[in-house]
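6 protein chains.
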Amino acid sequence: MRPSGRELNQMRDVSIETSFTKHAEGSCLIKMGDTHVLCTASIEPRVPSFIKGSGLGWVTAEYGMLPRATNTRMRREAAAGKQGGRTVEIQRLIGRALRAGVDRVALGERQITVDCDVLQADGGTRCASITGGWVALRLAVNKLMKAGDVKMDPLVDPVAAISCGIYAGQIVLDLDYPEDSEAGVDGNFIMTGSGKLIEVQMSAEGSVFSRDQMNQMMDLAEKGTSELAEMQKAACV
Amino acid sequence: MRPSGRELNQMRDVSIETSFTKHAEGSCLIKMGDTHVLCTASIEPRVPSFIKGSGLGWVTAEYGMLPRATNTRMRREAAAGKQGGRTVEIQRLIGRALRAGVDRVALGERQITVDCDVLQADGGTRCASITGGWVALRLAVNKLMKAGDVKMDPLVDPVAAISCGIYAGQIVLDLDYPEDSEAGVDGNFIMTGSGKLIEVQMSAEGSVFSRDQMNQMMDLAEKGTSELAEMQKAACV
Amino acid sequence: MRPSGRELNQMRDVSIETSFTKHAEGSCLIKMGDTHVLCTASIEPRVPSFIKGSGLGWVTAEYGMLPRATNTRMRREAAAGKQGGRTVEIQRLIGRALRAGVDRVALGERQITVDCDVLQADGGTRCASITGGWVALRLAVNKLMKAGDVKMDPLVDPVAAISCGIYAGQIVLDLDYPEDSEAGVDGNFIMTGSGKLIEVQMSAEGSVFSRDQMNQMMDLAEKGTSELAEMQKAACV
Amino acid sequence: MRPSGRELNQMRDVSIETSFTKHAEGSCLIKMGDTHVLCTASIEPRVPSFIKGSGLGWVTAEYGMLPRATNTRMRREAAAGKQGGRTVEIQRLIGRALRAGVDRVALGERQITVDCDVLQADGGTRCASITGGWVALRLAVNKLMKAGDVKMDPLVDPVAAISCGIYAGQIVLDLDYPEDSEAGVDGNFIMTGSGKLIEVQMSAEGSVFSRDQMNQMMDLAEKGTSELAEMQKAACV
Amino acid sequence: MRPSGRELNQMRDVSIETSFTKHAEGSCLIKMGDTHVLCTASIEPRVPSFIKGSGLGWVTAEYGMLPRATNTRMRREAAAGKQGGRTVEIQRLIGRALRAGVDRVALGERQITVDCDVLQADGGTRCASITGGWVALRLAVNKLMKAGDVKMDPLVDPVAAISCGIYAGQIVLDLDYPEDSEAGVDGNFIMTGSGKLIEVQMSAEGSVFSRDQMNQMMDLAEKGTSELAEMQKAACV
Amino acid sequence: MRPSGRELNQMRDVSIETSFTKHAEGSCLIKMGDTHVLCTASIEPRVPSFIKGSGLGWVTAEYGMLPRATNTRMRREAAAGKQGGRTVEIQRLIGRALRAGVDRVALGERQITVDCDVLQADGGTRCASITGGWVALRLAVNKLMKAGDVKMDPLVDPVAAISCGIYAGQIVLDLDYPEDSEAGVDGNFIMTGSGKLIEVQMSAEGSVFSRDQMNQMMDLAEKGTSELAEMQKAACV
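Protein chains in written order, with the numbering used here: chain G, 0 to 236; chain V, 0 to 236; chain S, 0 to 236; chain E, 0 to 236; chain P, 0 to 236; chain Z, 0 to 236.
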């Protein structure tokens with residue numbers, strides 16, 4: 000039995016509220032259960048120096064947690080004077096994941112920065128950030144296309160992410176914090192709406208797992224990301 | 000005529016949604032027009048070293064803006080590696096203002112940290128942070144009193160803040176961003192619900208003002224903070 | 000009775016020694032009682048990027064305290080790796096105050112940086128920095144005018160600053176450290192030689208004050224800044 | 000055809016020179032082709048605060064690259080004032096991987112820090128660091144056991160890592176830099192000597208892959224890590 | 000001919016004004032020509048952790064330059080976020096030099112921090128800092144002895160420093176900035192009042208020198224430091 | 000008797016293995032007894048801004064120690080967020096020393112960065128870095144000359160460095176760590192192959208020395224650097 004009473008292969012309730020803030024070219028508040036992430040996409044004309052003049056676009060991401068998004072208050076990273084290792088690792092993952100779903104030629108030489116800020120955390124914030132981040136990105140690109148600045152759609156397929164893991168010996172989908180903090184193995188799966196793989200990370204801390212368990216996690220992840228992709232499409236209509 | 004069509008002495012619409020996040024001992028989302036600030040109050044048993052053993056409590060504040068809270072994306076302070084001068088100035092102001100309304104003997108030797116994070120900015124974020132921050136503080140203190148950890152109420156009177164300024168030659172209440180960015184003189188007034196002054200800051204950039212204008216700003220500020228104090232009380236019931 | 004034996008409305012002895020250092024375009028050592036601040040004004044051809052090409056000038060300020068300017072040694076900020084919040088707040092105030100007295104069109108596209116370094120502190124260092132900083136600025140501008148680089152005087156009126164506060168229940172002028180550390184309310188008033196207001200900051204820590212007390216502080220401040228403006232003019236002849 | 004002329008499932012030549020430096024409790028220089036990493040294991044009595052008093056041990060890792068380990072000189076991280084995101088990500092991975100192979104009860108309340116410093120880089124430095132890091136750890140633990148400080152062996156099974164990827168449309172084992180910089184998909188596989196999984200990371204940058212390709216990479220990884228585990232055992236005799 | 004018209008073996012005019020600031024236990028303003036350094040000595044009960052409980056004292060130094068001490072304004076180190084390499088090198092030198100003249104057993108377990116802040120620079124600031132720093136230290140120790148906190152004098156012999164160098168092919172004493180910036184070889188000599196050596200640093204940038212030239216510099220340095228030691232003693236009476 | 004059993008004027012065994020890494024334009028691993036330093040020279044077309052367009056070349060150096068190069072593990076400087084004072088001092092010394100032996104006109108407008116990374120430390124790492132650094136520099140310049148990019152040899156004479164000091168009352172050559180940590184006086188001598196002086200640093204910590212002792216150290220240093228210069232030449236053939 001899962002602490003939340005969910006079935007082993009059952010995701011938490013998901014909601015995606017678009018245009019949550021007014022300034023960003025694209026934005027949404029994604030809720031996966033009690034995990035709430037505000038995602039914004041900002042279009043900037045300037046690209047990183049290593050692609051200047053190439054005609055290619057760039058998508059990057061930044062991630063943050065409000066100090067009291069968690070059960071006990073964490074130190075504010077801006078006050079600490081640097082982003083922690085976990086933050087850096089997560090924002091690099093979000094950026095790679097979103098870029099994998101972008102046709103950078105079609106995007107043209109501009110940068111879109113996706114900011115994912117966790118207002119409330121209950122496990123799975125990096126997956127929620129990717130799924131919500133894609134929605135913000137989609138909305139920003141829509142604006143570019145409506146304005147005629149981009150002709151061909153650079154986003155062919157949604158990018159969605161979900162966690163799977165081994166909790167109390169069972170393979171479960173979409174771990175919340177009580178499960179995550181007890182799980183021996185924890186994986187994040189990033190896939191396209193059409194079922195292709197973008198990134199897979201499975202990790203055991205003080206434990207090991209078998210190839211068979213890995214395959215069962217993959218099965219659940221395919222189910223989860225395909226459901227999320229439908230919600231992403233619905234939210235962007 | 001003000002850009003928003005408001006009367007000279009008219010505040011923006013204000014709403015205060017309490018318990019916006021679940022982990023903090025007190026929290027609210029305050030909206031003053033298009034300025035939206037998430038305020039949380041976190042109770043911690045540990046006090047700063049300079050009052051350890053004194054039996055006195057401490058209230059402090061931290062302030063941040065999400066990178067795309069503003070019209071163009073600002074650099075994330077955690078990535079820049081330090082809080083900017085404006086951030087530091089504002090969070091020191093919020094902390095002083097809230098402390099002025101606290102009976103630190105009654106609070107007892109514990110610290111409450113009020114985090115004010117701007118989700119969307121349209122002028123007046125520091126005033127909204129103080130007004131909303133007091134609500135979060137009030138809710139956290141209520142929890143302490145209900146639990147019997149605090150016997151006498153350390154918050155005798157609400158603390159509210161409002162801006163006044165000289166826009167297009169007129170004294171106006173509660174400047175929004177279009178007014179703020181054009182104003183020659185800009186003031187922030189922090190008062191108690193019973194009309195006492197806590198902090199007054201009036202500042203001219205490339206301009207000067209008269210003592211008479213100062214008095215007119217004070218008049219408007221008294222009106223504004225007294226209205227805000229009523230809303231604070233209503234929100235905390 | 001004040002610890003120093005001064006009258007309630009009496010400033011400390013003030014002296015302004017110009018050209019205290021030889022390299023800066025303008026410099027002075029200002030002494031307000033035992034508070035000693037070395038102020039230098041440095042002219043640089045380069046302006047901040049946000050006004051490049053505008054034809055407008057810029058005046059900015061930096062503030063520092065030598066580690067043993069105070070009663071007990073403070074950590075050197077350069078060694079600590081950052082300027083503290085108090086330092087940042089003060090140097091922003093000095094810059095704003097001095098800019099308010101400058102005709103930036105007349106100054107032309109150049110920057111003047113005013114450095115205020117406290118050699119010895121006994122309360123009121125920010126006010127002494129502004130008053131002395133204006134003298135250094137005046138001397139540097141004189142040099143520009145003598146050289147014909149600036150035609151019209153961009154400094155129409157002196158800028159001077161003084162503190163007032165409520166000490167032992169009395170409204171007093173120009174608090175020294177023993178008063179400042181005990182005062183319930185503390186205000187800094189920045190005015191022009193002709194009596195116009197530039198910036199007013201009144202602040203209570205753990206206390207409140209009335210509008211009537213505020214007006215009494217304003218009265219003293221007008222007296223103090225008008226006396227200081229006379230001394231500034233005399234020093235620059 | 001691979002640039003190096005290797006078979007698709009062929010690793011580079013591997014050598015492990017133990018006790019490369021004299022001060023560390025365990026050390027080796029591991030060479031995987033032209034990738035050379037110096038690994039040292041340092042035993043310290045102090046553990047991180049979150050496990051103090053628990054009786055459990057801790058293993059952690061740090062990673063660095065000499066500035067000219069690479070084809071063009073990179074900025075020294077100590078001079079830049081912080082470790083880059085890639086460095087942080089890699090050292091967290093090494094630490095997790097090694098910890099997964101440690102019985103922390105058997106280790107007892109002490110910390111072993113494994114430093115992996117890349118003297119020369121040609122792709123696959125994180126995998127070489129894990130494989131060589133385990134050898135350094137093994138040697139340090141041997142010292143503890145010989146001294147009687149640890150009774151039961153806390154390292155039951157070697158931990159080894161190898162990369163696989165899709166290069167020019169082919170699934171290949173142990174990518175060198177020319178392959179790595181062109182690969183559409185790149186994975187790192189960390190396994191025990193007995194074939195259990197510890198961590199799997201597969202990542203596509205601007206591309207996607209199928210579950211079938213994932214399985215082929217897993218097959219190669221099992222072959223590679225099992226060969227490496229034999230070499231680790233041989234080196235530690 | 001030297002730019003200043005001085006003889007080859009002639010120092011600049013030296014003055015030492017003691018008790019320049021009131022808070023420090025010892026202080027002086029030392030002027031060597033146009034080089035002016037404010038030196039303060041601060042007594043603190045706490046010693047560095049590596050000598051805690053040893054009964055030994057510690058003397059350390061910090062060095063800084065005001066931004067406009069030099070001909071063109073330098074960036075403030077506190078604003079830059081770190082002390083530059085030159086600053087670090089100089090303050091380590093000052094600390095070593097002063098410690099060499101201290102009987103740390105006689106001083107007892109306390110720390111004296113000597114701060115040397117350059118108000119105006121014209122070459123030779125590190126030597127002036129050492130010579131003036133010793134005077135500040137002497138005055139602070141006098142206070143300890145007068146109070147009976149130290150019984151035996153820990154300062155047996157003055158420590159003084161002077162520069163010598165090769166300017167326009169000639170060996171000269173006490174280089175000022177115009178000489179220093181042109182000199183091929185530059186040396187700093189730190190000696191006791193009785194003629195013993197504490198530290199010698201001779202350095203050529205893009206040049207070399209002979210052992211004979213080294214000996215001539217030593218001769219001048221002996222003359223210079225012996226004159227300075229007399230002035231130090233006179234100042235401390 | 001020296002701890003190592005060496006004669007007073009006897010250096011440790013020295014070996015210089017060139018081309019230790021493949022990417023750098025010049026590299027060597029120098030061993031002076033148990034002190035092992037990896038030196039690489041990297042040619043870059045870009046020079047520091049202060050010589051841009053001058054036609055002159057630049058040589059600079061950076062220094063680092065692997066965390067477990069020493070007997071107990073030191074904190075990694077990249078993790079600490081800055082280079083320590085000792086590191087900064089040493090790398091400035093290496094850069095100055097190498098530049099003194101370079102004809103910067105002949106080198107032409109390019110920069111060579113010499114990285115000296117200590118793999119294992121046993122005293123004298125700065126001297127080994129200079130001696131080995133010159134070899135790496137020599138090899139890199141050879142490459143420039145072979146390619147015809149440099150016509151006239153900018154390195155006329157080797158630059159070598161050795162330590163001398165006073166250990167147990169005796170003047171000794173090339174101190175190892177057990178001697179260095181006990182020595183009352185410690186000197187570093189940098190000379191050319193033809194016996195000219197480049198830099199001399201003699202330093203006493205809590206002690207003093209005589210001019211006669213200084214001369215004896217100089218004698219030993221001449222012997223040591225002349226032997227090292229022969230080995231440098233032999234290694235570069």
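Check the hints yourself; a few may be wrong.
Which copy is meant is left open, so a pair is good if it fits within one copy or across any two.
Claimed, not checked - Here are the simulated SDA-like pairs of lysine to any residue, each with C-alpha atoms no more than 20 Å apart in a straight line: (1) LYS21 - TYR176; (2) LYS21 - ARG11; (3) LYS232 - SER180; (4) LYS142 - ASP12; (5) LYS222 - ARG210; (6) LYS150 - ALA78; (7) LYS150 - THR86; (8) LYS222 - GLU108; (9) LYS30 - GLU16; (10) LYS222 - ASP211; (11) LYS195 - GLN215; (12) LYS145 - ARG5; (13) LYS81 - ASP156; (14) LYS195 - MET213; (15) LYS145 - GLY80.
Since the hints were made in silico from the structure, they are not lab data.
Outcome of the hint check:
Within a single copy, LYS21 and TYR176 get their C-alpha atoms only as close as 31 Å, which misses the 20 Å cut-off; across copies the closest is 14 Å, which meets it. For a Cα distance limit of 20 Å, the shortest separation of LYS21 from ARG11 across copies, 17 Å, qualifies, whereas the shortest one inside one copy, 28 Å, does not. Taking identical chains as interchangeable, the C-alpha atoms of LYS232 and SER180 are never at most 20 Å apart, the minima being 31 Å within one chain and 34 Å between chains. Within a single copy, LYS142 and ASP12 get their C-alpha atoms no closer than 29 Å, and across copies no closer than 29 Å, so neither meets the 20 Å cut-off.
In the homo-oligomer, the alpha carbons of LYS222 and ARG210 lie at most 20 Å apart both inside one protomer (19 Å) and across protomers (14 Å), since each shortest distance falls under that limit. In this assembly of identical chains, the alpha carbons of LYS150 and ALA78 never lie at most 20 Å apart, being 43 Å within a copy and 33 Å across copies at closest. In this homomeric assembly, LYS150 and THR86 never come within 20 Å of each other (Cα to Cα): the closest approach is 35 Å inside a single copy and 38 Å across copies. In the homo-oligomer, the alpha carbons of LYS222 and GLU108 never lie at most 20 Å apart, since the shortest distance is 35 Å inside one protomer and 43 Å across protomers.
Taking the closest pair of Cα atoms, LYS30 and GLU16 come within 20 Å of each other both inside a single copy (8 Å) and across two copies (18 Å). For a Cα distance limit of 20 Å, the shortest separation of LYS222 from ASP211 qualifies both inside one copy, at 17 Å, and across copies, at 17 Å. With identical chains, the CA atoms of LYS195 and GLN215 are at most 20 Å apart both within one copy (17 Å) and between copies (15 Å). Taking the shortest alpha-carbon separations for LYS145 and ARG5, neither the intra-copy value of 41 Å nor the inter-copy value of 33 Å comes in at or below 20 Å.
Proximity of LYS81 and ASP156 under a CA criterion of 20 Å is satisfied in neither setting, with 34 Å inside one chain copy and 37 Å between copies. With identical chains, the CA atoms of LYS195 and MET213 are at most 20 Å apart both within one copy (17 Å) and between copies (11 Å). Proximity of LYS145 and GLY80 under a CA criterion of 20 Å is satisfied in neither setting, with 40 Å inside one chain copy and 37 Å between copies.
In this structure, the earlier hints numbered 3, 4, 6, 7, 8, 12, 13 and 15 are contradicted, and the remaining ones agree with it.
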